[in-house]
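Chains as they are written, first to last, in numbering that gives the first Met the number 0: chain A, 0 to 228; chain B, 0 to 222.
A couple of the hints might just be wrong.
Computed cross-link-like contacts, DSS-like style, restricted to lysine-lysine with a CA-CA straight-line distance of at most 27 Å [said to hold, decoys possible]:
#: 1; chain 1: A; residue 1: LYS6; chain 2: B; residue 2: LYS86
#: 2; chain 1: A; residue 1: LYS26; chain 2: B; residue 2: LYS86
#: 3; chain 1: A; residue 1: LYS52; chain 2: B; residue 2: LYS99
#: 4; chain 1: A; residue 1: LYS52; chain 2: B; residue 2: LYS122
#: 5; chain 1: B; residue 1: LYS86; chain 2: A; residue 2: LYS62
#: 6; chain 1: A; residue 1: LYS40; chain 2: A; residue 2: LYS211
#: 7; chain 1: B; residue 1: LYS62; chain 2: A; residue 2: LYS105
#: 8; chain 1: A; residue 1: LYS142; chain 2: B; residue 2: LYS40
#: 9; chain 1: A; residue 1: LYS40; chain 2: B; residue 2: LYS104
#: 10; chain 1: A; residue 1: LYS53; chain 2: B; residue 2: LYS104
#: 11; chain 1: A; residue 1: LYS105; chain 2: A; residue 2: LYS52
#: 12; chain 1: B; residue 1: LYS24; chain 2: B; residue 2: LYS86
#: 13; chain 1: B; residue 1: LYS125; chain 2: A; residue 2: LYS52
#: 14; chain 1: A; residue 1: LYS142; chain 2: B; residue 2: LYS52
#: 15; chain 1: B; residue 1: LYS104; chain 2: A; residue 2: LYS52
#: 16; chain 1: A; residue 1: LYS40; chain 2: B; residue 2: LYS132
#: 17; chain 1: B; residue 1: LYS24; chain 2: B; residue 2: LYS185
#: 18; chain 1: A; residue 1: LYS6; chain 2: A; residue 2: LYS40
#: 19; chain 1: B; residue 1: LYS99; chain 2: B; residue 2: LYS188
Only part of the chain B face toward chain A is listed, based on derived beta-carbon distances under 8 Å [unchecked claim]:
#: 20; residue: GLU66
#: 21; residue: GLU76
#: 22; residue: THR77
#: 23; residue: TYR89
Simulated DEER-style distance windows between Cβ atoms [stated by the list, open to error]:
#: 24; chain 1: A; residue 1: SER41; chain 2: B; residue 2: ASP178; range: 32 to 38 Å
#: 25; chain 1: B; residue 1: GLY61; chain 2: A; residue 2: PRO187; range: 25 to 31 Å
#: 26; chain 1: A; residue 1: LYS217; chain 2: B; residue 2: LEU45; range: 40 to 46 Å
#: 27; chain 1: A; residue 1: GLY204; chain 2: B; residue 2: LYS141; range: 40 to 46 Å
#: 28; chain 1: B; residue 1: ARG214; chain 2: A; residue 2: TYR90; range: 35 to 41 Å
#: 29; chain 1: B; residue 1: PRO82; chain 2: A; residue 2: LYS105; range: 29 to 35 Å
#: 30; chain 1: A; residue 1: ALA124; chain 2: B; residue 2: PRO38; range: 19 to 25 Å
#: 31; chain 1: A; residue 1: ALA221; chain 2: B; residue 2: GLY148; range: 51 to 57 Å
#: 32; chain 1: B; residue 1: GLU121; chain 2: A; residue 2: GLY191; range: 48 to 54 Å
Rather than coming from a laboratory, the hints here were simulated on the basis of the structure.
Note that the Cβ used here is the ideal one computed from N, Cα and C, for glycine as well.
Next come the chains, spelled out residue by residue.
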Amino acid sequence: MAKSDVKVLGAWPSPFVMRPRIALNLKSVEYEFLEETVGSKSQLLLQSNPVYKKIPVLIHHGKPVCESLVIVQYIDEAWASGTPLLPSDPYDRAMARFWAAYIDDKWFPSLSAIAKAQGEEGKEAAIAQVAEGLALLDDAFAKCSKGKPFFGGDKIGYLDIALGCFLGWLKVTEKMTNLKLLDEMIAPNLVGWSERFCSHSAVKGLMPETHKLMEFAKMLQAKFKAPPS
Amino acid sequence: MAEDKVQLLGYWGSPFALRVKWALKLKGIQYEYLEEDLPNKSPMLLELNPVLKKVPVLVHNGKPLAESLVIIEYIDETWTHNPLMPKDPYDRAKARFWAKFADEKCVPATMSSFTKSGEEKEKAEKEARENFKTLESALEGKPFFGGEGIGFLDIAIGWLGIWARLVEEIAEVTLIADDYMPVLSKWFKDFLELPTIKEALPPRDKLLVHNKGFREMLMGGST
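Isolated chain A, as found in the complex:
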């Protein structure tokens, strides 16, 4: 398959963009990465994602796929001969989908809420929510991993990708609040998992360096007073 058959429209700071890129790496699929300029949207983006006008977008044989988790499942199904991203058992697949939905619908918004929080009380409440979520996800890890190194078992899978993409921004939040969120006390399993995830060959080159994300966050805060979502 020619590299030009597979394109990803995205931007380096976006955790959502990381998701399809990790998935394509795991499937050993070569792709062309088209970097969007922060603050403006290319014609190609507007054409390929007219509904949301957001990144990431996967373009495969000229056909666009949007919404990061929809894209990851598409990648799993379109390159079915590669390493599977979702578990084979329907119940395990449902659990992976459930937790990924939880991460996007509940956990990541609570992380974003920390920077947007008004006053100390608001901030503390937001932090408590993130910690609560991490504890739940830690529990989920124990159930899903079944003693293995990743949510997906021996290999990185859908749920690892769904959560792992936020590790860079989690570190930024920890630095900005001067608090340890991914902590032995709160989420002992996830501490080890996050190190394994970040050092994985499919992830390493994509995870932005914390200091670069910090600079980017500060620039955004100055502009819009909130981190990207």
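Chain A is already provided as a structure; the job is to place chain B on it using the hints.
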């Protein structure tokens, strides 16, 4: 699968439980229905869905699952006859994309047009109408989202044909404008007339009373 035990914890007025019921019916799966008395959530519900504490919950041979669209895909993958999802990966991606769009865009705007007033209400009404119009394009000239017959996306979205119309009546707004989106409007009618779908619908008059009361409570008194 003669030994299968399937239970569904639901609420008569919940559209999310309804779409799971539709999936179970389309697959011909025998199940035990357990009605929750919301807001007095049962210990069973709290135990089976500790994270979100919501209906619907499907319990299959003792193993619980929550989140209606996750449940529907599980049903489709476990009972593989009469497939609900399309076969082609690109078509599957489109189905999942549009189901998410309906839940994230059509639903909140509909809710806002239901519970807000004045300028906010007008804005929400317009937004909901535009989002429904966008949904229409996903039909791509077919009678149903699933093609000649219904599929995952039809049952994911079809409930809005009831609930959005209720909102229109109670809040005096126009969401599914027949002249603006004739194709979508027709699809809602055709879908809701299908016997398997129609049989599972909760009584409309009961829903009307229930949602009127719900709106009054949310808006804090008389409207």
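**Message:** For a quick check of understanding: which of the numbered hints are violated here, in increasing order?
**Reply:** none
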